[in-house]
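> For this one, chain A is given, so just place chain B on it according to the hints.
From first to last, the protein sequence lines stand for chains A and B. FYI, our numbering numbers position 178 of the first sequence as 179, with every residue one higher than the one before it. FYI, our numbering numbers position 26 of the second sequence as 27, with every residue one higher than the one before it.
These aren't lab readings, by the way, just hints derived from the structure by calculation. Please note that the accuracy of each hint is not assured.
Just so you know, same-sequence chains aren't split out, so a pair can sit in one copy or run between any two.
Keeping only pairs whose Cα atoms sit at most 30 Å apart, straight-line, the calculated BS3-like set for lysine-lysine is [to be verified]:
#1 K122 - K224
#2 K15 - K226
#3 K273 - K178
#4 K127 - K226
#5 K15 - K224
#6 K249 - K85
#7 K50 - K66
#8 K273 - K93
#9 K249 - K127
#10 K122 - K82
#11 K19 - K4
#12 K88 - K221
#13 K122 - K64
#14 K221 - K82
#15 K66 - K19
#16 K88 - K50
#17 K64 - K178
#18 K174 - K224
#19 K226 - K88
#20 K122 - K226
#21 K174 - K221
#22 K50 - K127
#23 K22 - K66
#24 K43 - K4
#25 K122 - K93
#26 K22 - K94
2 protein chains.
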Amino acid sequence: MAKDPLRIYTELQKGFSKDVKADRNHELLGELYQASAGFLGKLDQVELKSMVPGKQYFAFTLKRKLSRAVNASLFGDYLNKWAKLDKAITSKKFTGWDSDGITRLLYSAALAFCCYIDLTKDGDQKTPGTFFEYLVGHLFARTLGINPETSLPVLNLDMDTNLPTDFVFNLGKNRPKFHLPVKTSTRERVIQVWAHQRVLDGVYGTGRFLGTPVILTETKSDKRKREVIEICLPDQWRIYQMHIAQLKRVYYLDVPVVYNNLNQVFPPISVKPFGDFFFEADALGA
Amino acid sequence: MAKDPLRIYTELQKGFSKDVKADRNHELLGELYQASAGFLGKLDQVELKSMVPGKQYFAFTLKRKLSRAVNASLFGDYLNKWAKLDKAITSKKFTGWDSDGITRLLYSAALAFCCYIDLTKDGDQKTPGTFFEYLVGHLFARTLGINPETSLPVLNLDMDTNLPTDFVFNLGKNRPKFHLPVKTSTRERVIQVWAHQRVLDGVYGTGRFLGTPVILTETKSDKRKREVIEICLPDQWRIYQMHIAQLKRVYYLDVPVVYNNLNQVFPPISVKPFGDFFFEADALGA
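Isolated chain A, as found in the complex (with noise of 0.2 Å):
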């Protein structure tokens, strides 16, 4: 019998934190992408409606269930290449990959889990959010070879007290600092990472952190409908890059597409898929 994707991610959930980068993190990602991935082959798919220029969106069907809305040309069967991604960050040899390839791979070990529990949860939100923050965060571990922190001390003064912050990887004295914050999607929600960027700047140096936020999607679907449509506020998004802090890149897993527009503008905010960052990870501090 097959296993149950919720098991695994009970196992993953109560190990995580220990050591995020660890083997056996990497093994639990993998068997839970397997296991959803089982679960939803079984399953019809029906169409929606894309409002979003230039892509196309389907939902996985379970009784009178809808699970969100899948990227059809980033979703797909990517299974066997899980362990070789590994193999490519773990040595750094990235032959035979590109940026795209690794995308679309971890989109769909992404989706697979999160459709799920869109499919077997009532209006559970936060289980799929958790679990992207291990899969993004176990990935920047995994390349950076080191593990975050969640808090870090402030010594300011006669202030002596810890921020709770999202992840951070300390590649140690006179290297980059990340700032990870890691969202399923954002919204109007999104000022808090510039603004966590800002308390970072003001309590220990403005450069010091470079902020990449890791975004799913920005999808929305109306179910009732069946349409999809990407929620995006790029003028809001410039104003708080020019007002709060500067963050050094936006991954997304499916990139969207008013999004990626601000690359263009000037000043720009670099929105990138997800799979350029393990290529420009070692460059971004220089």
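Same frame as chain A, but now just chain B:
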């Protein structure tokens, strides 16, 4: 037969934004208070175990449901004062009133409808949140004698867009503008309030907008154990106030003990009961 609170709320919702300070909104908010208080008056109360020093809490109960925590020393039958407070506000004559009395009245009006929703709906957090925005937005508008806006023009060289905002009140040229975020509770989402203030400071100039968020309470109940705690992050508030932006006041209907202490540290954060606002509104811009 008594009026159904939800029907009154629907009517309020339909017309509220057309003229926030309107007499009709005041009547409807009063009717809503009356109908909700009438509903609660017939219910049993259960005492909660308060983990907050110096405060007692209870909850209303209906069938197997429990309302949110109600502060026993703030909640009371002040229905007959609703119209009188309005006379004081519109005539700017507060003889016979003090801050405590106003805070208790407004706390009771706010909690009455929130508890009604807690007991008649499942997991509806949106309705109490929107209702509380109506209540506080209306009272600010009535006090300042002008209606709020929820969007501001940005004219910044080649950038010409609109910035969506919380309620902002523009008293006119050379006079203060108020930035009024309204929340039933904040927890870690509070960073948004400072971030929005930072955007206003950045786009329009520091000091032009007085940030005066109004928050209902920071209590959280464990319904199984019937315990009440206050969730407070005072060290983070201090870091936000030093590194993101400066809030002029933080008003509470039920001031958390820990945040009240922020008045005593240096640099202080001015945390006050909402009743204080009505006595200092004119002086805040000075």
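> Could you run down the list of hints and mark each one as holding or not?
Against the structure, the hints come out as follows:
Taking the closest pair of Cα atoms, K122 and K224 come within 30 Å of each other both inside a single copy (16 Å) and across two copies (23 Å). For the homomeric pair K15 and K226, the shortest alpha-carbon distance between copies (25 Å) is at most 30 Å, but the shortest distance inside one copy (39 Å) is not. For the identical chains of this complex, K273 and K178 are intra-copy neighbours only, at 19 Å inside a copy versus 39 Å across copies, given an alpha-carbon limit of 30 Å. Proximity of K127 to K226 under the C-alpha cut-off of 30 Å is found in both arrangements, the shortest distances being 25 Å within a copy and 23 Å between copies.
When the C-alpha separation of K15 and K224 is checked against a cutoff of 30 Å, the pair qualifies only between copies, where the shortest distance is 26 Å, while the shortest distance within a copy is 34 Å. Taking CA atoms no more than 30 Å apart as the test, K249 paired with K85 passes inside one copy only; the shortest distance there is 28 Å, against 55 Å between copies. In this assembly of identical chains, the alpha carbons of K50 and K66 lie at most 30 Å apart only when taken from the same copy (17 Å versus 41 Å across copies). With identical chains, the CA atoms of K273 and K93 are at most 30 Å apart within one copy only, with a shortest distance of 20 Å there and 56 Å across copies.
Only within a single protomer do K249 and K127 lie at most 30 Å apart by alpha-carbon distance; the minimum there is 27 Å, versus 34 Å between protomers. For a Cα distance limit of 30 Å, the shortest separation of K122 from K82 inside one copy, 28 Å, qualifies, whereas the shortest one across copies, 47 Å, does not. Taking CA atoms no more than 30 Å apart as the test, K19 paired with K4 passes inside one copy only; the shortest distance there is 24 Å, against 56 Å between copies. In this assembly of identical chains, the alpha carbons of K88 and K221 never lie at most 30 Å apart, being 35 Å within a copy and 46 Å across copies at closest.
Within a single copy, K122 and K64 get their C-alpha atoms as close as 13 Å, and across copies as close as 26 Å, so both meet the 30 Å cut-off. For the homomeric pair K221 and K82, the shortest alpha-carbon distance inside one copy (29 Å) is at most 30 Å, but the shortest distance between copies (46 Å) is not. Taking identical chains as interchangeable, the C-alpha atoms of K66 and K19 are never at most 30 Å apart, the minima being 36 Å within one chain and 39 Å between chains. With identical chains, the CA atoms of K88 and K50 are never at most 30 Å apart, being 38 Å at best within one copy and 55 Å at best between copies.
Taking the closest pair of Cα atoms, K64 and K178 never come within 30 Å of each other, the shortest separation being 47 Å inside a single copy and 54 Å across copies. For a Cα distance limit of 30 Å, the shortest separation of K174 from K224 qualifies neither inside one copy, at 50 Å, nor across copies, at 48 Å. In this assembly of identical chains, K226 and K88 lie within 30 Å of each other by CA distance neither inside one copy nor across copies; the values are 43 Å within and 49 Å between. Both within a single protomer and between protomers do K122 and K226 lie at most 30 Å apart by alpha-carbon distance, with minima of 22 Å and 26 Å respectively.
Taking the shortest alpha-carbon separations for K174 and K221, neither the intra-copy value of 42 Å nor the inter-copy value of 41 Å comes in at or below 30 Å. Taking CA atoms no more than 30 Å apart as the test, K50 paired with K127 passes in both settings, with 27 Å inside one copy and 28 Å between copies. For the homomeric pair K22 and K66, neither the shortest alpha-carbon distance inside one copy (35 Å) nor that between copies (44 Å) is at most 30 Å. In the homo-oligomer, the alpha carbons of K43 and K4 lie at most 30 Å apart inside one protomer (15 Å), although the nearest pairing across protomers, at 52 Å, exceeds that limit.
In the homo-oligomer, the alpha carbons of K122 and K93 never lie at most 30 Å apart, since the shortest distance is 38 Å inside one protomer and 54 Å across protomers. For the homomeric pair K22 and K94, the shortest alpha-carbon distance inside one copy (18 Å) is at most 30 Å, but the shortest distance between copies (65 Å) is not.
In summary, the structure is inconsistent with hints 12, 15, 16, 17, 18, 19, 21, 23 and 25 from the numbered list given earlier, while agreeing with the others.
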